[in-house]
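2 protein chains.
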Amino acid sequence: MAHINVPEGVPGIRSLVMFRPETGKPLYDLAQVLLRGESTLTPAERELIAAYVSKRNECMFCMSSHAAASRSLYKDERNMVDEVLHDMQHSSVSDKMKALLNIAGKVQILGNKVTQEDINEARKYDATDKEIHDTVLIAATFSMYNRYVDGLASWAPTDAAVYDEMGDRLAEKGYVTPK
Amino acid sequence: MAHINVPEGVPGIRSLVMFRPETGKPLYDLAQVLLRGESTLTPAERELIAAYVSKRNECMFCMSSHAAASRSLYKDERNMVDEVLHDMQHSSVSDKMKALLNIAGKVQILGNKVTQEDINEARKYDATDKEIHDTVLIAATFSMYNRYVDGLASWAPTDAAVYDEMGDRLAEKGYVTPK
Numbered sequence: 067m068a069h070i071n072v073p074e075g076v077p078g079i080r081s082l083v084m085f086r087p088e089t090g091k092p093l094y095d096l097a098q099v100l101l102r103g104e105s106t107l108t109p110a111e112r113e114l115i116a117a118y119v120s121k122r123n124e125c126m127f128c129m130s131s132h133a134a135a136s137r138s139l140y141k142d143e144r145n146m147v148d149e150v151l152h153d154m155q156h157s158s159v160s161d162k163m164k165a166l167l168n169i170a171g172k173v174q175i176l177g178n179k180v181t182q183e184d185i186n187e188a189r190k191y192d193a194t195d196k197e198i199h200d201t202v203l204i205a206a207t208f209s210m211y212n213r214y215v216d217g218l219a220s221w222a223p224t225d226a227a228v229y230d231e232m233g234d235r236l237a238e239k240g241y242v243t244p245k
Numbered sequence: 067m068a069h070i071n072v073p074e075g076v077p078g079i080r081s082l083v084m085f086r087p088e089t090g091k092p093l094y095d096l097a098q099v100l101l102r103g104e105s106t107l108t109p110a111e112r113e114l115i116a117a118y119v120s121k122r123n124e125c126m127f128c129m130s131s132h133a134a135a136s137r138s139l140y141k142d143e144r145n146m147v148d149e150v151l152h153d154m155q156h157s158s159v160s161d162k163m164k165a166l167l168n169i170a171g172k173v174q175i176l177g178n179k180v181t182q183e184d185i186n187e188a189r190k191y192d193a194t195d196k197e198i199h200d201t202v203l204i205a206a207t208f209s210m211y212n213r214y215v216d217g218l219a220s221w222a223p224t225d226a227a228v229y230d231e232m233g234d235r236l237a238e239k240g241y242v243t244p245k
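Taken in order, these protein sequences are the chains called A and B.
92 is the number that the numbering used here gives to position 26 of the first sequence; each next residue is one higher, with no gaps.
79 is the number that the numbering used here gives to position 13 of the second sequence; each next residue is one higher, with no gaps.
Chain A on its own, in the form it takes in the complex (with noise of 0.2 Å):
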């Protein structure tokens, strides 16, 4: 059971959105323009991200709703978010995006973590000054959702269907503040 009484089978941040909606209009507006706005990192790669730093962060409901948004846009490279979950650096995933994760790791452990080699290895893959803020971003917000989520102890659902069909609906729909 949460912490605090939010609305009974509403799983994760959901359930704490609906409890204090004025502060997740920001949350939801925040993860919608880093996930889904202009970037030229696709939102597979972005939700990727996001997914391998709640992973770090042992939060188990971000972790299977971010991989299965993953999956679902990733469509018949699927199998390569199990690799990165599984194995980043030995997984099939293109060197630019294991040296994005590589950042986003040291993010998730800390700030002062990340060191000017971590980003030289970025710009040899030629990732530029947006991709590198957009990935520091993702691990720096995913740090926060993944806190909020276990911090209030709100429901993770069990059941992996449950999650294909929310990371097919995030894939779709992206993030729209719940009712």
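There could be a bad hint or two in this list.
One copy or any two copies: either way a pair holds, since identical chains are not told apart in the list.
[To be verified] Below are the EDC-like pairs computed for lysine to aspartate or glutamate, each with C-alpha atoms no more than 20 Å apart in a straight line:
{"no.": "1", "residue 1": "Lys172", "residue 2": "Glu124"}
{"no.": "2", "residue 1": "Lys239", "residue 2": "Asp95"}
{"no.": "3", "residue 1": "Lys162", "residue 2": "Asp195"}
{"no.": "4", "residue 1": "Lys190", "residue 2": "Asp234"}
{"no.": "5", "residue 1": "Lys196", "residue 2": "Glu74"}
{"no.": "6", "residue 1": "Lys196", "residue 2": "Glu88"}
If you're looking for bench data, these hints aren't it; they were derived computationally from the structure.
Since the structure of chain A is provided, determine the placement of chain B on it from the hints.
Same frame as chain A, but now just chain B:
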């Protein structure tokens, strides 16, 4: 120097928000509603939670600016801010605030570190659902801002007088997106 090409001489998060205003808007909207919106926790108390979490995340810029904002808002009790940052458990802050700061400290580590006992302790001092919610979200949110500011190595002034002025401005005007 920052890891990406942001406006020179603009400190911390402001330089990042000028680089990417699309994400800056929800980031500032979130800070404004969470730290200045309607709440039974005073803005001084909420800024103190922000400073406490930022110190634990080793983010000098956020710690200094939000400690300054909290001091400015606490007015005659301004010394309490430094007591809390030095040794929270032995500071002169209220027992209720100690219980909430303890929850914030757990969230700073990871969401799943918050225990039922931590929540019960806050309830003993009549902390409401909304106060517990906002404490967890402030701690989560600063675990994001801290990572964003340091992950991109944005510029942090070292002159204490700069932060005093910043604190007074944040106390008076709140969080207004930079132009």
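Going through the hints against the structure:
Within a single copy, Lys172 and Glu124 get their C-alpha atoms as close as 15 Å, and across copies as close as 14 Å, so both meet the 20 Å cut-off. In this homomeric assembly, Lys239 and Asp95 come within 20 Å of each other (Cα to Cα) only inside a single copy, at 13 Å, whereas the closest approach across copies is 23 Å. Taking CA atoms no more than 20 Å apart as the test, Lys162 paired with Asp195 passes inside one copy only; the shortest distance there is 13 Å, against 44 Å between copies. Within a single copy, Lys190 and Asp234 get their C-alpha atoms no closer than 34 Å, and across copies no closer than 43 Å, so neither meets the 20 Å cut-off.
Taking CA atoms no more than 20 Å apart as the test, Lys196 paired with Glu74 passes between copies only; the shortest distance there is 17 Å, against 40 Å inside one copy. Within a single copy, Lys196 and Glu88 get their C-alpha atoms only as close as 29 Å, which misses the 20 Å cut-off; across copies the closest is 12 Å, which meets it.
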